Amino acid sequence: MAAFLAGRLLTVIPVLWGVSIVVFLLIHLLPGNAIQMFLGTQVEMTPAQMDELRRLFGLNKPLPLQYVDWITRILRGDFGVSLRTSRAVLPDIVARLPLSGEITLLALLIALAIAVPIGIAAAVRRGSAADAAIQFGGLAGLSIPNFWLATMLLLALGNVGTIASIGIYVGFFSNPAKNLAVMALPSFSLGIALAAVMMRFIRSSLLEVLGHDYVRTARAKGLRERLVLYRHVLRNALIPVITVVGFQVGYLLGGTVVIEEVFALPGMGRLALAAISQRDYPVVQGVVLVIALLFVLVNLAVDVAYAFVDPRVRFA
Amino acid sequence: MSPAATSALVKATAARRQTPPVPPRAAFAARLARAPLALAGITIVAAYLAAALAAPAIAPDDPLRMHSDALLAPPGARHPFGTDQFGRDLATRLLYGAQSSLAVAFGSVALALAAGGTAGITGGYHGGALDNVLMRTMDVIFAFPAVLLAIAIMAVAGTALGNVIVAIGIVYTPQFARVVRASVLETRGLEYVEAAGALGAGTARILARHILPNIGAPLIVQTSLSLSFAILTESALSFLGLGTQPPTPSWGNMLAEARRFMVIAPWTAVFPGAAIALIVLGFNLLGDGLRDLLDPRLKL
Numbered sequence: 002m003a004a005f006l007a008g009r010l011l012t013v014i015p016v017l018w019g020v021s022i023v024v025f026l027l028i029h030l031l032p033g034n035a036i037q038m039f040l041g042t043q044v045e046m047t048p049a050q051m052d053e054l055r056r057l058f059g060l061n062k063p064l065p066l067q068y069v070d071w072i073t074r075i076l077r078g079d080f081g082v083s084l085r086t087s088r089a090v091l092p093d094i095v096a097r098l099p100l101s102g103e104i105t106l107l108a109l110l111i112a113l114a115i116a117v118p119i120g121i122a123a124a125v126r127r128g129s130a131a132d133a134a135i136q137f138g139g140l141a142g143l144s145i146p147n148f149w150l151a152t153m154l155l156l157a158l159g160n161v162g163t164i165a166s167i168g169i170y171v172g173f174f175s176n177p178a179k180n181l182a183v184m185a186l187p188s189f190s191l192g193i194a195l196a197a198v199m200m201r202f203i204r205s206s207l208l209e210v211l212g213h214d215y216v217r218t219a220r221a222k223g224l225r226e227r228l229v230l231y232r233h234v235l236r237n238a239l240i241p242v243i244t245v246v247g248f249q250v251g252y253l254l255g256g257t258v259v260i261e262e263v264f265a266l267p268g269m270g271r272l273a274l275a276a277i278s279q280r281d282y283p284v285v286q287g288v289v290l291v292i293a294l295l296f297v298l299v300n301l302a303v304d305v306a307y308a309f310v311d312p313r314v315r316f317a
Numbered sequence: 069m070s071p072a073a074t075s076a077l078v079k080a081t082a083a084r085r086q087t088p089p090v091p092p093r094a095a096f097a098a099r100l101a102r103a104p105l106a107l108a109g110i111t112i113v114a115a116y117l118a119a120a121l122a123a124p125a126i127a128p129d130d131p132l133r134m135h136s137d138a139l140l141a142p143p144g145a146r147h148p149f150g151t152d153q154f155g156r157d158l159a160t161r162l163l164y165g166a167q168s169s170l171a172v173a174f175g176s177v178a179l180a181l182a183a184g185g186t187a188g189i190t191g192g193y194h195g196g197a198l199d200n201v202l203m204r205t206m207d208v209i210f211a212f213p214a215v216l217l218a219i220a221i222m223a224v225a226g227t228a229l230g231n232v233i234v235a236i237g238i239v240y241t242p243q244f245a246r247v248v249r250a251s252v253l254e255t256r257g258l259e260y261v262e263a264a265g266a267l268g269a270g271t272a273r274i275l276a277r278h279i280l281p282n283i284g285a286p287l288i289v290q291t292s293l294s295l296s297f298a299i300l301t302e303s304a305l306s307f308l309g310l311g312t313q314p315p316t317p318s319w320g321n322m323l324a325e326a327r328r329f330m331v332i333a334p335w336t337a338v339f340p341g342a343a344i345a346l347i348v349l350g351f352n353l354l355g356d357g358l359r360d361l362l363d364p365r366l367k368l
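Heads up: the protein sequence lines correspond to chains X and G, in order. In our numbering, each number is its position in the first sequence, counted from 1, plus 1. In our numbering, each number is its position in the second sequence, counted from 1, plus 68.
Bear in mind the hints are in silico, worked out from the structure with no lab data behind them. Treat the hints with care, since some could be wrong.
Coverage of chain G stretches by chain X, computed from C-beta distances (three or more under 8 angstroms per stretch; other residues unrestricted) [said to hold, decoys possible]:
(1) 196 to 208
(2) 220 to 234
(3) 303 to 315
(4) 328 to 336
(5) 343 to 350
Calculated Cβ distances over 10 angstroms to all of chain G for the following chain X residues [unchecked claim]:
(6) A4
(7) L54
(8) I75
(9) A89
(10) L91
(11) L113
(12) A114
(13) A130
(14) D132
(15) L158
(16) V171
(17) F173
(18) T218
(19) A221
(20) R225
Quantities reported herein were computed from a predicted structural model and do not represent experimental measurements. Positions of the beta carbon are idealized from the N, C-alpha and C atoms, including for glycine.
Can you build the whole structure from these sequences, using the hints too?
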């Protein structure tokens, strides 16, 4: 296990390095004059002043040296300062992390709660009309844009009680009931497509396991179908689902940016979108970096969890 | 080989040829006819393509013309899908919206296919350090949530149509690279490919004659599924104001504009979203159906 962990950690480092280069280049390859862009058009400067500013910000150095400066600061936790509010970027992002994290987590739980029972039901009734209906429902669930589903749910339920509290966010620990009431619709809108993906995966994973010899043996020795399912099939069929979770967290983290906008929730995504419209690039850069980092770490955690529950992975 | 043996072999071969196998294309068509979901997918996609191409001819109105006497008019005889807050005909705007959404989807997937396909073939066939560099690059792109990376690129690059295509194209390049590379690796080791190499066939010939035909099936499936993702991503970008810019209609920006008026005019929000959902369903049905038809070994 230790060797597996070490190996897996080693593969993460180059990816994170690459991610940091992409995020760095995103801003430093900005077309036009970066300084003039940052200061806005109302500030007139002489070329000498511009050069002085460039020197001050280190923009006169070659790009690789600028990268080294930048990544050194990032590693120290210095994500720079917002061009609009002059506040440090990182604390503002961290303050909004719980909301985005909660939507992601709730959406994942909702997706699992829908996908596991339905996926099992479809696999057990393979080929039936119910299976066909579930399969089609899965495809439909995949096809509905989450922001449209969210809009339609708001339209249909918008004036119903607490759900109308759009944009009024309360932290989970200060008022759990109110928090969940506000988060229910956003998480549900985001989770539906994931439920469809996972349901399809669970179904095909179960079908594969159901075809194995040991399942036939279990049936042949007279075990009741229910016990075959619970004791022999589900364990093996559901473990691979963990891998899908890791991959799909990316969908959730990206989707929460859009969903927060629909429900006017003050999460990381909304912070980034507001920053984009104000050309506040350090904030945009910070949010993109934090979300990508989260995604990579979640995937690492998922891989480790997978190796933990399924020893075969460790030795593969 | 003796003349007798040769003639026996020729006869045996001829006998085998007397019961010709069904030509692959006809067999494919026959199987397709028995796959109602794939057929439904093809029908939806074809209908959308036809509508997008024929939009100027079949649209009842000009997509930018404002009817001040019919602001937010409900669906009716004059405006089958109603009008928006400027009195523009929604049916017309939906048709023209299909042009922008499909153009971006096909453009970006073509880009991803070309870039990812090249990276996958090069890396898979040559292996070694080049393969390593290419695939680690793909890993890095994969480390960003797709929508987020597209948003970030658009935020920096600016909202021109070409930028939307490039942004979405970059985001979906790794999928193609991985699919192609896996197929190339699988095929490269097969004996008949080695035999072709032993007979003196060059790299280009081996790739074109022996490897490309084998990666066709997974590539077609991946293309269809990527088109569905590209439509969703384009509409999300436009919804956020980072994709197709108003007044040019796209389903995403129509939906964004509709949000302010949807309580009094729900049709403005219902139809654009339904238009997205239906074409995405079409590509998904097609992708799923093609996967079952072309390569039953491939699972989800």
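Consistency of the hints with the structure:
1. 196 to 208: Per the Cβ count (4), the hint holds.
2. 220 to 234: It holds: at least three residues are needed, and the stretch 220 to 234 of chain G offers 6 whose Cβ sits within less than 8 angstroms of chain X.
3. 303 to 315: Satisfied; 6 residues make the cut.
4. 328 to 336: This one holds; 3 residues, not fewer than the three required, reach chain X with a Cβ under 8 angstroms.
5. 343 to 350: With 5 residues close enough to chain X, the hint holds.
6. A4: 21 angstroms, holds
7. L54: Non-interface label stands for L54 of chain X: nearest chain G Cβ at 21 angstroms, farther than 10 angstroms.
8. I75: 16 angstroms, holds
9. A89: 21 angstroms, holds
10. L91: Correct as stated: the minimum Cβ-Cβ distance to chain G is 18 angstroms, above 10 angstroms.
11. L113: 17 angstroms, holds
12. A114: 20 angstroms, holds
13. A130: 14 angstroms, holds
14. D132: 13 angstroms, holds
15. L158: Nearest chain G Cβ is 12 angstroms from L158 of chain X, so the label holds.
16. V171: Nearest chain G Cβ is 23 angstroms from V171 of chain X, so the label holds.
17. F173: The claim holds: F173 of chain X sits with its nearest Cβ about 23 angstroms from chain G, beyond 10 angstroms.
18. T218: 24 angstroms, holds
19. A221: Fine: 27 angstroms to the nearest Cβ keeps A221 of chain X off the interface.
20. R225: 28 angstroms, holds
In this structure, every one of the numbered hints holds.
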